[in-house]
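Listed here are the chains, written in short residue letters.
There are 2 protein chains.
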Amino acid sequence: VNVVKLVRDVQVKSIEQTLKHAEKYLGDICSLLAAYTRKTAKLRDKADLLVVQLFDFSRTEDPELQISLKNLAEDLAMVQDYRQAQVERLETRVVAPLKAYGDIVKNKRAELKNLSTDLNKELKELQKLDKLRVRNPADRQSIAEVNVQKSSHNAQRSIRQLEDSITDFQRQKLDDIKKIFTDFITVEMLFHAKALEVYTHTYHNLEEMNPQKDLEVAYASDTAGNSTSHYAGSVLASPKSQSLRTTMMSTAAQNHRLQRSQYPITAQRVSPNETFHRTEA
Amino acid sequence: VNVVKLVRDVQVKSIEQTLKHAEKYLGDICSLLAAYTRKTAKLRDKADLLVVQLFDFSRTEDPELQISLKNLAEDLAMVQDYRQAQVERLETRVVAPLKAYGDIVKNKRAELKNLSTDLNKELKELQKLDKLRVRNPADRQSIAEVNVQKSSHNAQRSIRQLEDSITDFQRQKLDDIKKIFTDFITVEMLFHAKALEVYTHTYHNLEEMNPQKDLEVAYASDTAGNSTSHYAGSVLASPKSQSLRTTMMSTAAQNHRLQRSQYPITAQRVSPNETFHRTEA
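Protein chains in written order, with our numbering: chain A, 6 to 286; chain B, 6 to 286.
Worth flagging that the hints you see were computed from the coordinates, not collected in a lab.
Some clues are possibly wrong.
[Claimed, not checked] Over the 12 Å line for every Cβ pair with chain A, so calculated as not near, a few chain B residues:
1) E69
2) Q89
3) A101
4) D108
5) R114
6) E116
7) E130
[As the list claims (entries may be wrong)] Going by beta-carbon spacing under 8 Å, a handful of chain A positions derived as facing chain B:
8) L38
9) K44
10) T45
11) I72
12) N76
13) A78
14) Q132
15) K136
16) L137
17) V139
18) D180
19) T187
20) T191
21) Y208
22) M214
None of these values were measured; they are calculated from a predicted model.
Where a beta carbon is used, it is the ideal one built from N, C-alpha and C, also for glycine.
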């Protein structure tokens, strides 16, 4: 019985160690995954600001770039929506169940303490009966023998409960760890897959952007003196919606008619119906 | 010529506005993308800490979970390597070229100022010659007419240079924006694709993890009194590597041989060659 008590003490300490390990490592991992989730949310915040800025920027630009920037901003916003879903899922499916381990360990510890107290009592009872038997070796079929049987039965039941309890804890821990990290990987994969899908679309949109179109628009409104583009509007706006070159032309034409040879060749940049200034000149 | 000057003033202001816009928006977008890159680096840092913690945790666990946690930690570390590549690429291919726009705008501004100064001189010269012509209307074929021609030519050349300069700037800006954002999307896609690839592998690894194996190992060493697993080592270690139940059994057997009926049925949990305790009993 003394050996039993010694082993039990060691075992109870070992169980305590198991719980302490689970508490420490799962606690630390929980904190780090919570921090990971927070950093992901901060990344989303920065990307959201970028979306706003891209929309602002798009409004000051010509149609081609404007559409491209708007598409880019919309796609970037969509990825941030997926990142938001990622953050929420990480919180509910990864961080929360890990956080729950604090209480699970606490409850398990209380449970084990109760079982350990029961076992202590039962072992003390056994020890008492043992001493009784040593003093009365002849009294083998006495009432004490029945009590030994009963106490031994109780002690073994408590030990079984103790072991089952820690086995249950280990089983739950293993299942939970498997589930939590599978969920973590699933949440991450889902986000990466969605981001990849959206950005593939964005990539093709950007590939189709033709900066030359905006330059033509700017140039056309420049030579035509008729602005529809924002760029031309902001860069070349004049009280008469005429470019400096066009004004210079008219003034020069009225005064000296010298401009013919100096007129820049822009035919290759403007569309046929915008070249009337050149033919006029 | 006065109309020309007015238009020129408006145009120079418009060009200034274009440069200011580019400076402001590209500058803000640069700052936000730099912040986005920094937050990505911080996310990598947190994930790196998680990797270390998972490795630490794995060392305290049984073979099955130990291997799963190690695989998970290694895969997570690999994704962080890709994230590091992402951060470096964002810095060199997105943030740096956007940052360069500060200097590009500054240089362009200096260039336009010089061209504007030249144009001012030429327009003043034209104005002077105009007045001369008004005072001497008969002197049409004089040397003044040649000077008017020359000054007008110079002024037009300056205007052309001014317009070419801003067109060049717009062309470079459009090409650069297209390239920078295409690079941004490419860098992001590359990372998401790699992360998805690694995590798909991780997911299958986790799926294959069988928690039951670790419970069997723990149980086997429990009933066999022969610990090879870390879990059994920490939870059930005793001076004789025997579990409390095994010790209890022997003690009880020596004293009372009462244990037969109370011995827990564990056959379904242990492998056949580990059941000798039960048959022994």
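Against the structure, the hints:
For B:E69, the shortest C-beta to C-beta distance to chain A comes to about 8 Å, within the 12 Å cut-off, and the non-interface label is violated. Annotated as non-interface, B:Q89 keeps its C-beta farther than 12 Å from every C-beta of chain A; the closest such distance is 15 Å. The beta carbon of B:A101 sits about 17 Å from the closest Cβ of chain A, which is more than 12 Å, so the claim that it is off the interface holds. At the 12 Å boundary, the C-beta of B:D108 stays outside the reach of chain A, the nearest C-beta of that chain being 19 Å off.
Against chain A, the non-interface label of B:R114 holds: every CB pair exceeds 12 Å, the least being about 14 Å. Here B:E116 stays apart from chain A, with its beta-carbon at least about 16 Å from theirs, past the 12 Å limit. Every C-beta of chain A lies more than 12 Å from that of B:E130, the closest at about 14 Å, which supports listing it as non-interface. Interface hint status for A:L38: upheld, as the beta-carbon distance to the closest one in chain B is roughly 7 Å, under 8 Å.
Checking A:K44 against chain B by beta carbon gives a least distance of about 4 Å; that is within 8 Å, so the hint holds. The restraint placing A:T45 at the interface with chain B holds, with a minimum CB-CB distance near 6 Å, inside the 8 Å limit. Below 8 Å, beta-carbon pairs count as interface contacts, and A:I72 has none with chain B, the closest being about 12 Å; its hint is therefore violated. At about 10 Å, the closest approach between the beta carbon of A:N76 and any beta carbon in chain B exceeds 8 Å, and the interface hint on this residue is violated.
The beta carbon of A:A78 is not positioned within 8 Å of any beta carbon in chain B (closest approach about 10 Å), and the interface hint is therefore violated. Hint status for A:Q132 relative to chain B: violated, with the closest Cβ pair at about 12 Å, above 8 Å. A hinted interface residue such as A:K136 counts as satisfied when its beta carbon comes closer than 8 Å to some beta carbon of chain B; here the least separation is about 13 Å, so the hint is violated. Proximity of A:L137 to chain B is violated relative to the hint, the smallest CB-CB distance being about 13 Å (cut-off 8 Å).
Proximity of A:V139 to chain B is violated relative to the hint, the smallest CB-CB distance being about 11 Å (cut-off 8 Å). Interface restraint check: A:D180 against chain B, minimum CB-CB distance 6 Å, threshold 8 Å, status holds. For A:T187, the interface hint holds, the least distance from its beta-carbon to any beta-carbon of chain B being 5 Å, beneath 8 Å. For A:T191, the interface hint holds, since its Cβ comes within 8 Å of a Cβ in chain B; the closest pair sits about 7 Å apart.
Interface hint status for A:Y208: upheld, as the beta-carbon distance to the closest one in chain B is roughly 5 Å, under 8 Å. Using the Cβ-Cβ criterion of 8 Å, the hint placing A:M214 at the interface with chain B is satisfied: the shortest such distance is roughly 5 Å.
Taken one by one, the earlier hints fail for this structure at numbers 1, 11, 12, 13, 14, 15, 16 and 17, listed in ascending order.
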